[in-house]
Amino acid sequence: ILNVEQSPQSLHVQEGDSTNFTCSFPSSNFYALHWYRWETAKSPEALFVMTLNGDEKKKGRISATLNTKEGYSYLYIKGSQPEDSATYLCASGSSNTGKLIFGQGTTLQVKP
Amino acid sequence: ETGVTQTPRHLVMGMTNKKSLKCEQHLGHNAMYWYKQSAKKPLELMFVYSLEERVENNSVPSRFSPECPNSSHLFLHLHTLQPEDSALYLCASSQDKTSYNEQFFGPGTRLTVL
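If you're matching them up, the sequences are chains B and A in order.
In this text, residue positions in the first sequence follow our numbering: the first is 1, and each later residue adds one.
In this text, residue positions in the second sequence follow our numbering: the first is 1, and each later residue adds one.
I should point out that these hints are in silico values taken from the structure, not numbers from a laboratory.
The model shown is predicted, which means the values in this text are computed figures rather than measured ones.
Built from N, CA and C at the ideal position, the CB exists for glycine as well.
Heads up, some of the hints might be wrong.
Derived contacts from chain A toward chain B, CB cut-off under 8 Å, selection only [what the hints assert, rightly or not]: (1) L43; (2) M46; (3) F75; (4) E84; (5) T98; (6) P107.
In silico PhoX-like links for lysine-lysine, alpha-carbon gap of 25 Å or less [what the hints assert, rightly or not]: (7) K69/B <-> K42/B; (8) K78/B <-> K111/B; (9) K78/B <-> K19/A; (10) K58/B <-> K111/B; (11) K41/A <-> K42/B; (12) K58/B <-> K42/B; (13) K69/B <-> K57/B; (14) K22/A <-> K42/B; (15) K58/B <-> K78/B; (16) K22/A <-> K41/A; (17) K36/A <-> K19/A; (18) K59/B <-> K78/B; (19) K18/A <-> K111/B; (20) K40/A <-> K99/B; (21) K99/B <-> K36/A; (22) K99/B <-> K22/A; (23) K18/A <-> K36/A; (24) K42/B <-> K78/B; (25) K22/A <-> K36/A; (26) K58/B <-> K69/B; (27) K111/B <-> K69/B; (28) K57/B <-> K78/B; (29) K22/A <-> K59/B; (30) K19/A <-> K58/B; (31) K99/B <-> K42/B; (32) K78/B <-> K99/B; (33) K59/B <-> K111/B; (34) K42/B <-> K19/A.
Over 10 Å on every C-beta distance to chain A, these chain B residues come out as not near it, computed from the model [as the list claims (entries may be wrong)]: (35) S27; (36) E45; (37) A46; (38) Y74; (39) Y76; (40) Q81.
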């Protein structure tokens with residue numbers, strides 16, 4: 001049974017703060033690690049898909065790293081803005097069937 | 001319309017009703033998915049369809065019956081549901097069924113079973 005764990009469960013930061021979240025996943029039979037952003041009343045939206053150990057990806061102020069050997073990924077947000085407020089989901093694919101196992105998410109609230 | 005659409009957005013049904021959820025993707029993708037999100041639980045995969053064939057059934061009770069008539073449309077037929085089936089049901093699609101492809105999600109159907 002796969003377990004994807006995310007921490008912290010929730011986070012409150014001030015505008016301008018930088019922050020990071022953790023996603024841990026079983027490292028055996030790993031295929032891909034996904035990060036999604038889910039804003040209230042909207043659809044989850046893909047941020048990154050990473051497959052290789054040591055992968056680093058960046059989109060604007062958001063970046064992510066991947067360690068498949070130890071089974072963790074970090075998501076970083078530099079200079080948080082109120083519009084970054086959302087739930088951030090990670091999901092691990094351990095087979096090649098599109099089956100993703102999601103974590104419970106980290107809910108970020110950025111105060112102006 | 002673009003992306004992934006779902007109808008209805010909200011649904012209230014009794015335990016003896018039969019209803020269907022509809023999902024349509026306008027992205028030319030070959031794989032489609034149904035997910036369930038219950039309160040305070042992670043997104044849970046229910047079904048995966050690839051090229052209109054079901055490739056994954058994640059131990060879902062038979063009161064949920066999926067149908068994929070073509071690669072653009074996906075239905076979830078509901079009958080004799082229980083109150084604990086109340087949840088947000090999300091549809092998603094991806095280029096193909098491999099785990100390397102990002103999934104594009106619809107807005108979801110909020111289902112309440114009375």
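We went through each hint and held it up to the structure:
A least Cβ separation of about 4 Å between L43/A and chain B falls short of the 8 Å threshold, and the interface hint therefore holds. Interface restraint check for M46/A: the shortest CB-CB distance to chain B comes to about 11 Å, outside 8 Å, so the restraint is violated. For F75/A, the interface hint is violated, since its Cβ never comes within 8 Å of a Cβ in chain B; the closest pair sits about 18 Å apart. For E84/A, the interface hint is violated, the least distance from its beta-carbon to any beta-carbon of chain B being 19 Å, above 8 Å.
Proximity of T98/A to chain B holds as hinted, the smallest CB-CB distance being about 5 Å (cut-off 8 Å). With a least beta-carbon distance of about 5 Å to chain B, the hint placing P107/A at the interface is held under the 8 Å criterion. Restraint check for K69/B and K42/B: not satisfied, since their Cα atoms lie roughly 34 Å apart, outside the 25 Å limit. For the hint linking K78/B to K111/B, the alpha-carbon distance of about 15 Å falls within 25 Å, and the restraint holds.
The straight-line distance between the Cα atoms of K78/B and K19/A is roughly 45 Å, outside the 25 Å bound, and the hint therefore fails. Using a Cα cut-off of 25 Å, the hinted pair K58/B and K111/B holds, with the two alpha carbons roughly 23 Å apart. For the hint pairing K41/A with K42/B, the CA-to-CA distance comes to about 18 Å; that is within 25 Å, so the pair holds. Proposed proximity of K58/B and K42/B is supported: the alpha carbons are some 22 Å apart, at most 25 Å.
The straight-line distance between the Cα atoms of K69/B and K57/B is roughly 18 Å, inside the 25 Å bound, and the hint therefore holds. About 18 Å separates the Cα atoms of K22/A and K42/B, which keeps this hinted pair within 25 Å; it holds. A hinted pair counts as satisfied when its Cα atoms are at most 25 Å apart, and K58/B with K78/B qualifies at roughly 11 Å. Among the hinted pairs, K22/A with K41/A is consistent with the structure: their alpha-carbon atoms are about 23 Å apart, no more than 25 Å.
This hinted pair checks out: K36/A and K19/A have alpha carbons roughly 16 Å apart, not beyond 25 Å. The straight-line distance between the Cα atoms of K59/B and K78/B is roughly 11 Å, inside the 25 Å bound, and the hint therefore holds. With a C-alpha separation of about 44 Å, the suggested pair K18/A and K111/B falls outside the 25 Å cut-off, and the hint is violated. Only pairs whose Cα atoms come within 25 Å are accepted, and K40/A paired with K99/B is accepted, the gap being roughly 21 Å.
Only pairs whose Cα atoms come within 25 Å are accepted, and K99/B paired with K36/A is accepted, the gap being roughly 13 Å. For the suggested pair K99/B and K22/A, the alpha carbons sit about 21 Å apart, so the restraint of at most 25 Å is met. Restraint check for K18/A and K36/A: the C-alpha separation of about 18 Å stays at or below 25 Å, so the hint holds. A distance of roughly 23 Å separates the Cα atoms of K42/B and K78/B; the hinted pair therefore holds under the 25 Å criterion.
Simply put, K22/A and K36/A have alpha-carbon atoms about 14 Å apart, close enough for the 25 Å limit, and the pair holds. Of the supplied pair hints, the one linking K58/B and K69/B holds, its CA atoms being roughly 21 Å apart against a limit of 25 Å. Of the pairs offered as hints, the one joining K111/B and K69/B is violated, with about 36 Å between alpha carbons and a cut-off of 25 Å exceeded. Distance hint between K57/B and K78/B is fulfilled; the C-alpha atoms sit about 14 Å from each other, no more than 25 Å.
Between K22/A and K59/B, the direct Cα distance comes to roughly 33 Å. Violation of the 25 Å bound is thereby established for this hinted pair. A distance of roughly 43 Å separates the Cα atoms of K19/A and K58/B; the hinted pair therefore is violated under the 25 Å criterion. Under the criterion of a C-alpha separation no larger than 25 Å, the hint pairing K99/B with K42/B is consistent with the structure, at around 22 Å. Restraint check for K78/B and K99/B: not satisfied, since their Cα atoms lie roughly 31 Å apart, outside the 25 Å limit.
Taking the CA atoms of K59/B and K111/B, the gap is near 22 Å; set against the 25 Å cutoff, the hint holds. Proposed proximity of K42/B and K19/A is supported: the alpha carbons are some 24 Å apart, at most 25 Å. For S27/B, the requirement that its beta carbon stay farther than 10 Å from each beta carbon of chain A is met, with the minimum near 15 Å. Against the 10 Å criterion, E45/B falls within the reach of chain A, whose nearest CB is about 7 Å from its own CB.
Distance to chain A contradicts A46/B as a non-interface residue, since its nearest Cβ pair spans about 4 Å, not more than 10 Å. The non-interface label for Y74/B is consistent with chain A: the shortest C-beta to C-beta separation is roughly 19 Å, beyond 10 Å. At roughly 19 Å, the least C-beta separation between Y76/B and chain A is larger than 10 Å, which holds for a residue marked as non-interface. Even its closest Cβ contact with chain A, about 23 Å, leaves Q81/B beyond 10 Å, as expected for a residue assigned away from the interface.
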